[in-house]
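A.B. asks: Read off the chains here:
2 protein chains.
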Amino acid sequence: MRANPNFQKLPAGYLFPEIGRRVRAFAAAHPDAQVIRLGIGDVTEPLAPAIVAAMHAAVDEMAVRATFRGYGPEQGYDFLLDAIRAHDYRSRGVEIGADEIFVSDGSKCDSGNLQELFAADAVIAIADPVYPVYVDSNVMAGRTGAPGPDGRYPGLVYLPSTAATGFVPEPPKGGGIDVVYLCSPNNPTGAVMTRDHLTAWVAWARQHDALIVFDAAYEAYIQDPALPRSIYEIDGARECAIELRSYSKRAGFTGVRCAFMVVPKELRGVGAGGERVSLNAMWSRRHSTKFNGTSYVVQRGAAASYSAEGMAQTLGQVAFYMDNARLLREGLTAAGFTVFGGQHAPYIWLGTPGGAKSWDFFDELLTKAHLVGTPGSGFGPAGEGYFRLSAFNSRANVEEAVARIRRVFA
Amino acid sequence: MRANPNFQKLPAGYLFPEIGRRVRAFAAAHPDAQVIRLGIGDVTEPLAPAIVAAMHAAVDEMAVRATFRGYGPEQGYDFLLDAIRAHDYRSRGVEIGADEIFVSDGSKCDSGNLQELFAADAVIAIADPVYPVYVDSNVMAGRTGAPGPDGRYPGLVYLPSTAATGFVPEPPKGGGIDVVYLCSPNNPTGAVMTRDHLTAWVAWARQHDALIVFDAAYEAYIQDPALPRSIYEIDGARECAIELRSYSKRAGFTGVRCAFMVVPKELRGVGAGGERVSLNAMWSRRHSTKFNGTSYVVQRGAAASYSAEGMAQTLGQVAFYMDNARLLREGLTAAGFTVFGGQHAPYIWLGTPGGAKSWDFFDELLTKAHLVGTPGSGFGPAGEGYFRLSAFNSRANVEEAVARIRRVFA
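From first to last, the protein sequence lines are chains A and B. If you read the first sequence in our numbering, its first letter stands for residue 1, the second for the next number, and so on. If you read the second sequence in our numbering, its first letter stands for residue 1, the second for the next number, and so on.
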């Protein structure tokens, strides 16, 4: 069997397994150390009571013949689509059709799968640093060469996101790009795009007939009501943007699994003969061919996050994590670090002391403070000299982490 | 944005939407008709009590900080992997490693996604008639031309499954095929492969360095304990076969969503330079890049299907559906139909009266008996003149369906 040769282009050592290896080695050598993990961005608060109640009720429905549900609509149940339309969009003045929303089992799946819409030789642009799935899924699909010594893949267009631009990528001068992935609030840098940023990107995409993949998985963490929460708050975005949303961080669903993707009817790609093709129709075909709907019980839980109770409870969780982020920001600043992010995102992005290599700082933080974070270089070459800390943890652990940082570095 | 041109090769009219259109039109014209649907293969019995209890318990765990679960292992939790190894494999004398099992949210997803392992120009063989996802997912990936007037895609190798071979495809004489998809018990024909069939296929695959994708989603419906339930009961299959299993029909999970795929460590593909590459390592990379684990609550439900109680309850459901299949077989036979399948599968495959076109018989059955089935031609050209009926329904509906068939056709 001739195998897909593109998988071989991916380096063998991945970021999070390497972190795990170093942490295990340290813990084995120092069995009494109380290691606090601020690395992977995984929620720690339990599910909101309104969501728990809705999931129990859904399980009970599945236990009785009269209310049992088998295959559901691949795109998602109307009760969830209606809640999304009202609370995520109409509340912001945006009208999204029920047949433009595709409920799934996660944004990681969506962001990995959506590249199936693109031609094999489509040119892809990503920010640097960047969430690795955008890159890896396009490498697997053969849209790049093998990586060079700097870790960059020939064929990809890298858009540096540095302190000079507030860690927000800027539109290129010209075109020649089919797709750009934008993530705001950003993982890993915690930066958020303003209305001006998004307006510039939409104008660029429309001018150059490019598609924007707008990953808004962290939208719930935006604190300033004036900041856009959806790219569709920008005029013209329906002609050029797909949007991804997730319940993982907004409602604590990392282990429950639910997300959705918006593909407006106006979105058009270019077919082999130069004709315009509907991306909504293509994604509908993809979704119904290779997916069989999100678990009914899970969809009921997601819908409950929009009830008055569910909204108050989940917003309370977001506020809790954002208080953690504030404590980390303040503690790091007091210890002399240069700190970015953490104001509209659950991630703190910090410059390493003296511009140390990201992995060297990882080792220093682990051995001196028994804290685990994520090296910025793991997200791309432009992340070198930076480091990500996650605000997802208990208050006690965050306070202890801050105390250790101040003790070691201040 | 240059779009994937291969989606345009898929015909606009799909099988099940066309069935839905004709049924809606009939129901609108005959509002008093009691239409019974034996078309789509969707379970109707509620979840087993042991599964319901396990899902409630899991939801309760998610409601408390101390037992809350965030991101789980992408491959699945050990409690489920261990149950699979013991009950699905060790009980049949087969040893499968925990790191050879990949839990997912459904076999439709797995069977659609696994073609990402194959080279872009891999030659794919499928049975005819066939479960459409095998075909459509390879068309979308560009491994075929546009379909000809007979509906066949240039580039695919079709293996006719006809009455002459008991609706089981036979290995080709030569090689030149990278991958063959086999489904047993078969959807749509209800045929089951014997040890001799599988032995011949494994020998062929090993001789020609081909991969077998063995879809055993209906394994629980095999009634004869002497028939193999896993392809790994055949010596040498670990070197040439991936196996798919699902909880959809075995435990009523069509709306709950859980399945798994087995990728043995011995499986090797051929890389771009002729080197051998591990398909297990490739799938592990794919699974952890584009998937984030199956819902914890769902995995707990799936594991409960293996408890003593859960096994008895789910086997009871399978027996119930198989009694439906027996009633359909007997009624159709008494009405003069030539009937296949339904003995080790929940599907009845019948020859249309006088070899009528499948869609003509669909219309006749709908208008005369108010029954909905699936035209055999919808599964491929060799399905013309045949028709599929599903045993998934209430006893009362099945008995009424049989009475109508005997009244109209006997």
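Treat the hints as calculated values from the structure; they're not laboratory data. C-beta atoms are modelled at their ideal positions from N, C-alpha and C, and glycine is treated no differently. Check before you lean on any hint, since a few could be wrong.
Where chain A lies over chain B, by a calculated footprint (3+ residues, C-beta under 8 Å) [claimed, not checked]:
| hint | stretch |
| --- | --- |
| 1 | 2-12 |
| 2 | 44-56 |
| 3 | 104-112 |
| 4 | 116-130 |
| 5 | 197-211 |
| 6 | 266-279 |
| 7 | 385-391 |
A.B. asks: Determine for every hint whether it applies to the structure shown.
C.D. replies: Here's how the hints hold up against the structure:
1. With 7 residues bearing a CB less than 8 Å from a CB of chain A, the stretch 2-12 of chain B meets the requirement of three and the coverage assertion stands.
2. With a cut-off of 8 Å between beta carbons, the stretch 44-56 of chain B has 8 residues touching chain A; three or more are needed, and the interface restraint holds.
3. For the stretch 104-112 of chain B, the stated coverage by chain A is satisfied: 5 residues place a CB nearer than 8 Å to a CB of that chain, which reaches the threshold of 3.
4. For the stretch 116-130 of chain B, the stated coverage by chain A is satisfied: 7 residues place a CB nearer than 8 Å to a CB of that chain, which reaches the threshold of 3.
5. Note: the stretch 197-211 of chain B has 3 residues with beta-carbon separation from chain A under 8 Å; the three-residue rule is met and the coverage holds.
6. Given as covered by chain A, the stretch 266-279 of chain B passes the check, having 6 residues with a CB less than 8 Å from a CB of that chain where 3 are the minimum.
7. Requiring three or more residues with a Cβ within less than 8 Å of a Cβ of chain A, the coverage given for the stretch 385-391 of chain B is violated, as only 0 such residues are present.
The structure fails to meet hint 7 from the earlier list, while all remaining hints are met.
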